[in-house]
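Below, each chain spelled out in residue letters.
There are 2 protein chains.
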Amino acid sequence: MARKFKSMDGNEAAAYVSYAYTEVAGIYPITPSSPMADHVDQWAAQGRKNIFGTPVKVVEMESEAGAAGTVHGSLGAGALTTTYTASQGLLLMIPNMYKIAGEQLPGVFHVSARCVASHALNIFGDHSDVMACRQTGFAMLAEGNVQEVMDLSPVAHLAAIEGKTPFLNFFDGFRTSHEIQKVAMWDYKDLAEMCDMDAVQAFRDHALNPEHPHTRGSHENGDIFFQNREACNKVYDELPAVVEGYMKKINEKLGTDYGLFNYYGAPDADRVVVCMGSFCDVLEEVIDYLNAHGEKVGLVKVRLFRPFSIKHFVDVLPETVKKIAVMDRTKEPGSIGEPLYQDVVSALYEAGKTGIKVVGGRYGLGSKDTPPASAFAVFEELKKDEPKREFTIGIVDDVTNLSLPEAEDAPNTAAPGTIECKFWGLGGDGTVGANKNSIKIIGDHTDKYVQAYFQYDSKKTGGVTVSHLRFGDSPIRSPYYVTKADFVACHNPSYIVKGFKMVRDVKPGGTFLVNCQWSDEEFAEHMPAVAKRYIANNNVNVYLIDAIDLAAKVGMGKRTNTVLQSAFFALAKVLPAEDALQYMKDAATKSYMKKGQAIVDANHKAIDAGATAFRKFEVPADWATAEDAAPIELSEETKSAIAQQVKNLLEPIDRMDGDSLPVSAFVDCADGQFELGASAYEKRGVAVVVPHWDETKCIQCNQCAYVCPHATIRPFAMTEDEAAAAPEATRTLDAMGPKAKGMKFTMAVSPLDCMGCTNCVKVCPKAPSRWFPPSRRWTSSPFGTTWSRTSPRRRSSSRPTSRAASLSSPTWSSPAPAPAAPRPPMHVW
Amino acid sequence: MARKFKSMDGNEAAAYVSYAYTEVAGIYPITPSSPMADHVDQWAAQGRKNIFGTPVKVVEMESEAGAAGTVHGSLGAGALTTTYTASQGLLLMIPNMYKIAGEQLPGVFHVSARCVASHALNIFGDHSDVMACRQTGFAMLAEGNVQEVMDLSPVAHLAAIEGKTPFLNFFDGFRTSHEIQKVAMWDYKDLAEMCDMDAVQAFRDHALNPEHPHTRGSHENGDIFFQNREACNKVYDELPAVVEGYMKKINEKLGTDYGLFNYYGAPDADRVVVCMGSFCDVLEEVIDYLNAHGEKVGLVKVRLFRPFSIKHFVDVLPETVKKIAVMDRTKEPGSIGEPLYQDVVSALYEAGKTGIKVVGGRYGLGSKDTPPASAFAVFEELKKDEPKREFTIGIVDDVTNLSLPEAEDAPNTAAPGTIECKFWGLGGDGTVGANKNSIKIIGDHTDKYVQAYFQYDSKKTGGVTVSHLRFGDSPIRSPYYVTKADFVACHNPSYIVKGFKMVRDVKPGGTFLVNCQWSDEEFAEHMPAVAKRYIANNNVNVYLIDAIDLAAKVGMGKRTNTVLQSAFFALAKVLPAEDALQYMKDAATKSYMKKGQAIVDANHKAIDAGATAFRKFEVPADWATAEDAAPIELSEETKSAIAQQVKNLLEPIDRMDGDSLPVSAFVDCADGQFELGASAYEKRGVAVVVPHWDETKCIQCNQCAYVCPHATIRPFAMTEDEAAAAPEATRTLDAMGPKAKGMKFTMAVSPLDCMGCTNCVKVCPKAPSRWFPPSRRWTSSPFGTTWSRTSPRRRSSSRPTSRAASLSSPTWSSPAPAPAAPRPPMHVW
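Going line by line, the protein sequences match chains V and R. Just so we're aligned, residue 930 is where the first sequence starts under the numbering used here, counting upward by one. Just so we're aligned, residue 930 is where the second sequence starts under the numbering used here, counting upward by one.
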């Protein structure tokens, strides 16, 4: 069966399959599941038909609790019903899940598995949400990558219908739900063909119906409840066979080999990992490497987690296995071990295979990246006579010492010939969108396999985005960050200044492209010594491009992404240069035609310009021995709790190096309690253009301050004394208005807090403020700069007493004593 | 330390202890936990002080989700906060539980563990609710009886504070929460003494406070979440020792031997059961019996379920153990085994004790009674070389054959000298209240230990209540139904007619008291043959009493319970007759003085009368060979699905014999879906007096029908033809009112549906309707009678077309053709 290929993420794959089998969708959005419901809603609005010939009826409720109730009620009325959720949303569905399972209703919950908030919220991926549902009576089916989501999601729907059991179909939040892969798609005809329409009819006939009424949801006393509860056993006993039956149907259609459990690796392995979800693909890469190097290791991939079939599990396990490591992507404090570990132990115990040593590891909580190095560490640990019974990977636990040591120079296990690229952008700057576009161009116009993963932070617009792109001739299994890149681009010069460790991810001989307005000298001045040494010692090719001025020049305003995308294609050479240009232009035409020819033209100009606008930076020889600047020491006055916390925790996090923090860094905040006021230290300086106050034109209307969403622009009214005590650079005007008579006015701008939104420029009634590239103005890390000048605690007790003018209540404060301390840099720059 | 004794249930014991350590209670009521919150609320309103010298602040929210939020917020603000919940209520708290645990807040949830609704709702006890929380990070502490709830609940609060971990403190819903036991109480001084006030202060100092603000509830990205999540490990590693420390403190004060796990039984046992909750006491009884008979068996009682300490578990396990049965009071379909089973297997695997055979059993779901016979069956099964890996007890599973065979004649394992009594009452007739009063009298005025358990059904008022009372000189461990009673009372004659299997629970030589207005001949006529044979062959002493007429005579109206209580004391001879009379009178005086001397006098008269009003029934010799009546056969016309369901399921349930139904009876309704219309067959006939329409006085005001809550009284307007076709006994009047001119009127009464509330009598504006004892009118089972006459399905298609007069819209229906079929008995009697 030849299938069409399309680049899509796991959410779209699940939505695509689920739509086929869904009559009603009861939904409520929660990250990272929202796109599934969003797709279904859009397709329904477009009138797309499911395999029954009707569009899906989408019902959005007030919460996930309501969505679960909708699913329950709709199923009871005989409509095949689906929902999409995660995390706390899934938790709100638990009470209804017991009912849906107890009433043997064929609902399907597609879950992009996500962390449940504990000491802190975390919107990213792990299995703590789905594990909180394992006792509800739902069957649970897991997929490890986008293709598996496409291939296996039908099993959840089909087995639910035939097996009279609801399914929780899950895959890793973000890692799979948001990873774009080029996947082979189902034809709805095949999906329809596999559906047991007799079972569908039986379900409908059995549903609540006023024409032949029944009662459901009764109460049972202690005399009969237990017996009735046991009457469902057969359904669960038979379900594994039902699931297996549909997997076989799929295997016949696709030539795949899906089973309840799949074994991968040496048939005579002595060490085996048991795992579920996206880490399986990492393990496969590492297993290939190790077995190619004479070791004998393997992996059991768990697909049908509930019901857990001991027979099928034991059947796939090689007879030669001596040690097993079970990997759980969840943490259940106080338990003997995490759920999958306990299942494997129980299965082996029951099967009489207690000679096998079993250990359990936690990984990937809250989307912690789990690279091959972690997988190598697991197999290495299993070599020991007494491997750690409980361990963690991907972190350094220097408190309870559960973590396994991981090699920094672990082998590259990605498929040979895979090109890996990494882009550091700013949330909202278009980097992610451009990369999605690039991956689509490559995927659609070549035979190459593609993968794109986007690492967001929860700041959304204005946060850092890191795009991880791979493409190559072999299928791409690598569900982990790109750290051995052929090409790394830094789209925001402030990341250089802040010391983001971007260059270390460039392979020797690879390419590093920096978007900045700097001259070569300025660039050299801003580069940290550690980066310089890496570049020089690894023959990294450095290119500079000023997409900022270029974008403005061709009429793209601050939208630098098109220029940079074109530069990427020119430098990475994935496609013939001309073809790439044409594909990009075609895509731009398609996207922007509805906005008018001028926009299309600007995009085309930007594409042409970007292809040649970069220049090679000649790396000076002395970079090989560049010396680090002296570290910033805490002065006595700033050894406060907040300053310590900023130095030890927030500063590394702020420079995108939080992964390097060990567990000990969090012992004092194990309960998630932190010092207040840390945001005052977070001077990000991410705006590539910032407002500059032109006092010669200002009419003191304060509109610019009013629309500034980050309070970067603040008007001050000062007495003469206050004005005299202001920093030297302060420019002032005589304040206007009768109540401000005799006072001085200034509009203070804090460029390091500016996000570059340009709202201020748009509202200025006189003339647009002048824009100024800020990066030429600051020369050291914003954290160091700000924090060495004054401490916020001290500031708060001696802040200027004159209040900023308020637009909503245009009265002026009365004169007050001059401030005793220098103004903080966030108020006057 | 000498402690005061008091008779109370588990809920009161938990409330009593929790009050001491609680500053704020965030509550929302749910059966069976509501009395805990209710006690706390009442005590707070009375100004009772906790050990910190303040009354508890009680906050009732809109749902358990809100209550959990209140607990979370209140703990965050530094108040020691508690809640009380169960079942779906607890499920609604799960999201907050992760947060409370993650933030290391010392909250305590007291949970009277209850079934979670699945195919049907069940408000009774099992562990499915608490097991749904085992992954949240809460510590979990279990108690098995009321004394343990009293003794160990302080551990939850104290260890939470010192150990920085919230506790879920649980005990069996109903079986422990509602069982009254005479228990030794804590003195609040001792509770205060055990409290680590430094830890309390540290908790308060660390709380959110505007004077020294901190931040909590932040978001963490994938870079640091995992490390921070691992920073809590030490807390959980250290918690078992903290719990053990407080158990030791308690042991020192009380002379007890509480541990994280407690072993009971032979030190060299070969077979051991692992269990949690009230079944432990049953097991202890059976273990005593078996070990006294040369076997070697034992029990591990799990107290600290989370964190599960493998070391402590293995330490209490005898070296000699060869086989273990783990008992779980929950069902997790699709899992390898239930949670405690998996924990025990994992613990043994990790401890290297895999030579022990481990099997797992489910029991007691939805308050299924688990008597000694079930415990014997478990130990018997463990004798086998290959005991069932998965089994059930307390039911007959003839579908998946998981149940163990249980002997009908299992030995009586209750403490020697225990007097056991059983009372069959009608919800709202005062039986339960009178028994609570009796147990209090015995408990407070003798050295005897007492136990009272009340088996309700979910019909509440009007349902069947069965009171199980025990008292004796030794502590009473028997948490199961009384089935070997010294004394059984039937407080409602309809139970005889319906064939409730009451007599079989009377020990040979025991006493059976029946409240009825019957003559000896009538009584003999109503008794089922099987009961007659049992009575004759087991020398059961039968007494009859007409408390119905007697209560009316002494001014107690339909309140028969006082008369019957007095008869109980006279017959059971627990106390000297004169003392018992005096204690009852004192209690009545105390209870009713506020209602006036007349009420008190009536009660005293009833007490005096009851003590002598019974008469001994001389059992005829031919009862030994009484022959059963022929079973009712389904006629062809009633072989409908509903009739089958009524016969096979509802009829046995209706005669309180649902326990005897095997799993196969539920295969067709495994999903909880039943035929509609079954209530038409449930002719209960529980009213001991019913209305009788006096047409000579009726003014056709219809008030009696209007106030009848069960639609037992229904006015009919009929055409002449309809009236002619009405059953022979129908009496009619000429209908009044201009619109009803020419029609006939009748007021039809269905005595079998009447609950005897007497509302109709109270509103009759002419003269009170005459009351008539219905039991003399029907001679066979109401089910048989009703069901053999007509089928509701047929009836519904041929029902009289004249509609009943509606009071709210006093129009009359137009004449219609006469009914084609006889009127169903529920409309015209």
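Incorrect hints may have been included.
Note: identical chains are not told apart, hence a pair may lie in one copy or across any two.
[To be verified] Here are the simulated BS3-like pairs of lysine-lysine, each with C-alpha atoms no more than 30 angstroms apart in a straight line:
(1) 1178 / 1514
(2) 1413 / 1163
(3) 1286 / 1514
(4) 1286 / 1163
(5) 1317 / 1178
(6) 1240 / 1312
Read the hints as simulated data drawn from the structure, not as lab findings.
For each hint, the structure was consulted:
1. In this assembly of identical chains, the alpha carbons of residue 1178 and residue 1514 never lie at most 30 angstroms apart, being 43 angstroms within a copy and 78 angstroms across copies at closest.
2. Proximity of residue 1413 and residue 1163 under a CA criterion of 30 angstroms is satisfied in neither setting, with 51 angstroms inside one chain copy and 36 angstroms between copies.
3. With identical chains, the CA atoms of residue 1286 and residue 1514 are never at most 30 angstroms apart, being 58 angstroms at best within one copy and 70 angstroms at best between copies.
4. Taking the shortest Cα distances, residue 1286 and residue 1163 sit within 30 angstroms of each other only across copies (25 angstroms), while inside one copy they are farther apart (33 angstroms).
5. With identical chains, the CA atoms of residue 1317 and residue 1178 are never at most 30 angstroms apart, being 41 angstroms at best within one copy and 35 angstroms at best between copies.
6. Within a single copy, residue 1240 and residue 1312 get their C-alpha atoms as close as 27 angstroms, and across copies as close as 26 angstroms, so both meet the 30 angstroms cut-off.
Violated hints, listed in ascending order, are 1, 2, 3 and 5; each of the other numbered hints is respected by the structure.
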